[in-house]
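Protein chains: 2
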Amino acid sequence: MREVRVSLVRSDDLSYSVLIGRGLLGEVLADAQRLHPRRRVFLLTDANVRAAGHVAALTGDRPVAEYVIDPPGEVSKHIGTVTEIVEAMESLKFGRDSLLVALGGGTVGDIGGFAAAIFKRGVPYVQVPTTTVAQADSSVGGKVGVDSRLSKNAYGVFKQPARVYVDVATLATLDDRAYRAGLVESVKHAMIADPAYFEYLETHLDALLARDPAALESVAERNVTIKARVVEQDVEEQGARRVLNYGHTVGHAVESASGYRLLHGEALALGILAAARIAEEVCRADESVRRRSGVLLGKLGMPAKLPPEINAGALLEIMSRDKKALEARPRFVLLDRLGHAREENGEYVRAVAPGVLAKALAELEG
Amino acid sequence: MREVRVSLVRSDDLSYSVLIGRGLLGEVLADAQRLHPRRRVFLLTDANVRAAGHVAALTGDRPVAEYVIDPPGEVSKHIGTVTEIVEAMESLKFGRDSLLVALGGGTVGDIGGFAAAIFKRGVPYVQVPTTTVAQADSSVGGKVGVDSRLSKNAYGVFKQPARVYVDVATLATLDDRAYRAGLVESVKHAMIADPAYFEYLETHLDALLARDPAALESVAERNVTIKARVVEQDVEEQGARRVLNYGHTVGHAVESASGYRLLHGEALALGILAAARIAEEVCRADESVRRRSGVLLGKLGMPAKLPPEINAGALLEIMSRDKKALEARPRFVLLDRLGHAREENGEYVRAVAPGVLAKALAELEG
Numbered sequence: 157m158r159e160v161r162v163s164l165v166r167s168d169d170l171s172y173s174v175l176i177g178r179g180l181l182g183e184v185l186a187d188a189q190r191l192h193p194r195r196r197v198f199l200l201t202d203a204n205v206r207a208a209g210h211v212a213a214l215t216g217d218r219p220v221a222e223y224v225i226d227p228p229g230e231v232s233k234h235i236g237t238v239t240e241i242v243e244a245m246e247s248l249k250f251g252r253d254s255l256l257v258a259l260g261g262g263t264v265g266d267i268g269g270f271a272a273a274i275f276k277r278g279v280p281y282v283q284v285p286t287t288t289v290a291q292a293d294s295s296v297g298g299k300v301g302v303d304s305r306l307s308k309n310a311y312g313v314f315k316q317p318a319r320v321y322v323d324v325a326t327l328a329t330l331d332d333r334a335y336r337a338g339l340v341e342s343v344k345h346a347m348i349a350d351p352a353y354f355e356y357l358e359t360h361l362d363a364l365l366a367r368d369p370a371a372l373e374s375v376a377e378r379n380v381t382i383k384a385r386v387v388e389q390d391v392e393e394q395g396a397r398r399v400l401n402y403g404h405t406v407g408h409a410v411e412s413a414s415g416y417r418l419l420h421g422e423a424l425a426l427g428i429l430a431a432a433r434i435a436e437e438v439c440r441a442d443e444s445v446r447r448r449s450g451v452l453l454g455k456l457g458m459p460a461k462l463p464p465e466i467n468a469g470a471l472l473e474i475m476s477r478d479k480k481a482l483e484a485r486p487r488f489v490l491l492d493r494l495g496h497a498r499e500e501n502g503e504y505v506r507a508v509a510p511g512v513l514a515k516a517l518a519e520l521e522g
Numbered sequence: 157m158r159e160v161r162v163s164l165v166r167s168d169d170l171s172y173s174v175l176i177g178r179g180l181l182g183e184v185l186a187d188a189q190r191l192h193p194r195r196r197v198f199l200l201t202d203a204n205v206r207a208a209g210h211v212a213a214l215t216g217d218r219p220v221a222e223y224v225i226d227p228p229g230e231v232s233k234h235i236g237t238v239t240e241i242v243e244a245m246e247s248l249k250f251g252r253d254s255l256l257v258a259l260g261g262g263t264v265g266d267i268g269g270f271a272a273a274i275f276k277r278g279v280p281y282v283q284v285p286t287t288t289v290a291q292a293d294s295s296v297g298g299k300v301g302v303d304s305r306l307s308k309n310a311y312g313v314f315k316q317p318a319r320v321y322v323d324v325a326t327l328a329t330l331d332d333r334a335y336r337a338g339l340v341e342s343v344k345h346a347m348i349a350d351p352a353y354f355e356y357l358e359t360h361l362d363a364l365l366a367r368d369p370a371a372l373e374s375v376a377e378r379n380v381t382i383k384a385r386v387v388e389q390d391v392e393e394q395g396a397r398r399v400l401n402y403g404h405t406v407g408h409a410v411e412s413a414s415g416y417r418l419l420h421g422e423a424l425a426l427g428i429l430a431a432a433r434i435a436e437e438v439c440r441a442d443e444s445v446r447r448r449s450g451v452l453l454g455k456l457g458m459p460a461k462l463p464p465e466i467n468a469g470a471l472l473e474i475m476s477r478d479k480k481a482l483e484a485r486p487r488f489v490l491l492d493r494l495g496h497a498r499e500e501n502g503e504y505v506r507a508v509a510p511g512v513l514a515k516a517l518a519e520l521e522g
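One line per chain: the protein sequences are A and B, in this order.
157 is the number of the first residue of the first sequence in my numbering; add one for each residue after it.
157 is the number of the first residue of the second sequence in my numbering; add one for each residue after it.
Incorrect hints may have been included.
Identical copies go unnamed one by one, so any copy, or any two together, can satisfy a pair.
[Said to hold, decoys possible] Within a straight-line C-alpha distance of at most 20 Å, the following computed SDA-like cross-link-like pairs (lysine to any residue) qualify:
no. : residue 1 : residue 2
1   : Lys249    : Ile474
2   : Lys461    : Lys515
3   : Lys308    : Thr239
4   : Lys308    : Glu230
5   : Lys455    : Ala334
6   : Lys249    : Glu473
7   : Lys308    : Lys461
8   : Lys249    : Arg477
9   : Lys461    : Ala325
10  : Lys249    : Asp303
11  : Lys308    : Gly236
12  : Lys461    : Asp350
13  : Lys461    : Arg498
14  : Lys515    : Leu472
15  : Lys515    : Glu473
16  : Lys308    : Gly251
17  : Lys308    : Gly495
18  : Lys455    : Glu388
19  : Lys515    : Ala186
20  : Lys455    : Phe314
21  : Lys461    : Asp187
Calculated directly from the structure, the hints in this document are not laboratory data.
Keep in mind that this is a model prediction, so the values were computed, not measured.
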């Protein structure tokens with residue numbers, strides 16, 4: 157047998173800036189074109205974002221080729237939408253010289269980043285998140301993808317954006333329920349990484365609920381900084397990045413059990429309470445972590461109990477089937493104190509004894 | 157405006173081995189599993205490869221989950237096939253722990269590599285090429301993708317395989333026309349990089365046409381080595397890798413104008429003759445390059461003239477629309493001597509005066 161070695165050691169600078177401000181939508185296209193001169197802009201957005209006037213604010217008088225996802229939301233986050241976007245770009249003669257601008261919430265960003273990654277072996281894209289969830293979390297980090305008919309995020313890649321533009325003014329038009337649920341990601345960030353930020357959220361909650369732009373800018377900067385520092389350590393989620401899944405083990409199960417009638421943030425709030433309860437048993441975490449987060453999440457209007465139609469048994473069943481479970485035992489990110497995730501031998505997740513988990517879930521039952 | 161920098165400088169070792177031998181199909185699965193212990197093997201192949209007995213030779217008595225592309229060939233190289241493969245994997249509970257084995261010609265490798273790249277944010281894959289084209293060229297280098305309804309390779313990424321297994325014994329079952337046309341890639345490699353290899357092809361052509369395993373192993377090793385050295389310099393085809401497109405400017409146009417009735421290698425042979433003719437005008441290349449390659453390609457049974465239904469004007473029209481053209485002027489890799497592609501200021505392609513191109517094409521008319 158003969159052997160030929162293909163030696164490919166690659167070093168890539170994937171760094172990018174996240175720009176945060178209010179009323180900066182009108183500057184996005186000019187700035188993105190300075191970053192990528194000679195590329196043609198293709199805009200991806202959805203019908204809600206368009207109706208809210210954000211497309212007009214972004215493009216001004218300039219004619220820009222676009223694809224509008226309709227209906228908006230998870231229901232359109234599938235591979236069929238991606239093929240429609242690619243065919244729309246081809247019909248308009250877009251090629252390798254494209255620059256994709258994803259203007260909208262997490263769904264638009266996930267679809268747009270994935271389309272950019274697979275169109276003609278990859279074109280750059282920028283994220284312009286317009287929801288509390290997307291501004292706090294999904295627009296940074298490069299996890300993009302869509303669903304198949306059989307499962308969520310069956311298709312996906314890591315593809316970092318070329319730049320992210322966080323305009324907190326876009327949050328003014330968001331409906332109250334989505335706005336509040338999106339702030340749960342901020343609570344999560346504070347809990348895993350920054351006790352001072354947690355205190356800031358406790359003391360500035362009224363300003364945040366009033367959508368005060370100065371407070372929103374501060375929160376956006378802290379969220380993005382926390383997310384950036386975690387992603388920098390572990391781009392492809394081999395270890396440290398898993399702390400971002402805090403609260404998500406139970407959260408995803410609740411979201412799924414509710415048939416997605418609960419918003420991601422609402423389900424995540426319950427997941428955070430469960431994880432905090434488990435940490436009291438497993439890590440001897442102080443009960444104040446759960447108490448303080450419960451108060452904060454309560455003020456955001458998040459549920460403290462499961463809806464009556466969901467019980468602990470159903471959640472256990474869903475979690476044991478989760479792809480992150482190990483031998484059917486669901487695994488958790490746990491905090492041994494506020495701002496500090498437990499790590500053991502480089503592992504940030506751990507399986508939890510069935511009895512401990514069942515007890516924590518039972519306490520969430522209404 | 158506030159700015160948060162996400163600093164992601166990544167260094168990845170994407171190196172891999174290409175193993176070349178005869179009768180090594182039976183060792184592939186065990187070797188791949190040593191490389192990736194604990195991953196579940198999913199086999200992608202096509203109906204021709206299966207009928208030729210290569211699947212049985214690969215799997216032996218072992219039950220392996222598989223997807224068989226049917227009909228084989230370009231007609232199935234589209235995004236719909238990728239979604240079918242992903243759904244087949246999901247139905248069989250394959251997840252992030254998958255290892256995809258692509259057994260077949262260029263189409264199977266292109267589809268398989270792309271499916272592996274986008275399934276659950278990417279799983280590893282190995283290439284087991286079974287045609288002269290795939291063994292010489294497409295199995296190494298990581299260019300993978302599929303067509304949309306509107307254009308070829310509309311979807312694609314760069315995704316390097318984890319290992320490549322070249323079993324020259326698989327070529328024994330290839331039909332004669334495909335076998336011969338695939339050898340044109342070997343002629344191309346020799347022309348752009350290695351005059352001694354060109355002489356080897358001239359002197360060993362009878363052995364190659366008789367599919368002598370020792371000669372085929374030598375050729376495979378030289379092809380893979382040339383391709384590897386080029387790809388190592390320029391993974392994502394920013395510059396030097398473009399030399400691999402030698403002969404392809406006219407070749408692709410001929411292939412397209414024939415409605416894909418000509419095989420890629422047959423069209424490429426005409427493209428090589430045209431590029432050699434142009435180099436005589438533009439680079440004062442010696443006429444012997446064209447003469448010797450003409451003799452070699454002729455012995456392979458390749459056409460020396462365009463089919464009567466294709467004329468130079470039609471080719472010019474197709475080339476001016478090509479995405480690699482610059483301001484509608486098609487660009488060429490040119491050899492100033494056998495084994496040496498011309499480079500100017502880091503550019504390996506150059507636009508050619510319309511008169512020169514028209515003349516070269518006119519000489520190809522039958």
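inquiry  = Reference check for the pair lysine 308 and glutamate 230, CA-CA at most 20 Å: within, between, both, or neither?
reply    = within (10 Å within a copy, 29 Å between copies)
query = Quick one: lysine 461 to lysine 515, C-alpha cut-off 20 Å, is that within a copy, between copies, both, or neither?
reply = Within. Shortest intra-copy distance 14 Å satisfies the 20 Å Cα cut-off; inter-copy 80 Å does not.
Homomeric proximity label, lysine 515 with leucine 472: Cα distance no greater than 20 Å = within (11 Å within a copy, 74 Å between copies)
query = Within a copy, between copies, both or neither: where do lysine 455 and alanine 334 come within 20 Å Cα-Cα?
reply = within (15 Å within a copy, 70 Å between copies)
key: Copy assignment of lysine 249 with isoleucine 474, given that the CA separation must stay at most 20 Å   = between (45 Å within a copy, 15 Å between copies)
ask   = Taking 20 Å as the upper bound on the Cα-Cα distance, should lysine 515 and alanine 186 be classified as within, between, both, or neither?
value = This pair counts as neither: shortest intra-copy Cα distance 55 Å, inter-copy 45 Å.
ask   = Taking 20 Å as the upper bound on the Cα-Cα distance, should lysine 308 and glycine 236 be classified as within, between, both, or neither?
value = both (14 Å within a copy, 18 Å between copies)
task = Classify it for me, lysine 455 with phenylalanine 314: is the Cα-Cα distance of at most 20 Å met within a copy, between copies, both or neither?
result = neither (35 Å within a copy, 47 Å between copies)
task = Using 20 Å as the alpha carbon limit, work out where lysine 461 and alanine 325 are close: within a copy, between copies, both or neither.
result = Neither, since 32 Å and 65 Å both go past 20 Å.
query = When no copy is named, should lysine 308 and threonine 239 be tagged within, between, both, or neither for a Cα gap of at most 20 Å?
reply = both (17 Å within a copy, 14 Å between copies)
message = If the cut is 20 Å between Cα atoms, do lysine 461 and aspartate 350 qualify within a copy, between copies, both or neither?
response = So lysine 461 and aspartate 350 fail the 20 Å test inside a copy (26 Å) and across (72 Å) alike.
inquiry  = For lysine 461 and arginine 498, with the copy left unspecified, which applies at a CA distance of at most 20 Å: within, between, both, or neither?
reply    = For lysine 461 and arginine 498, neither the intra-copy (26 Å) nor the inter-copy (71 Å) Cα distance is at most 20 Å.
The structure shown violates the earlier hints numbered 7, 9, 12, 13, 17, 18, 19, 20 and 21.
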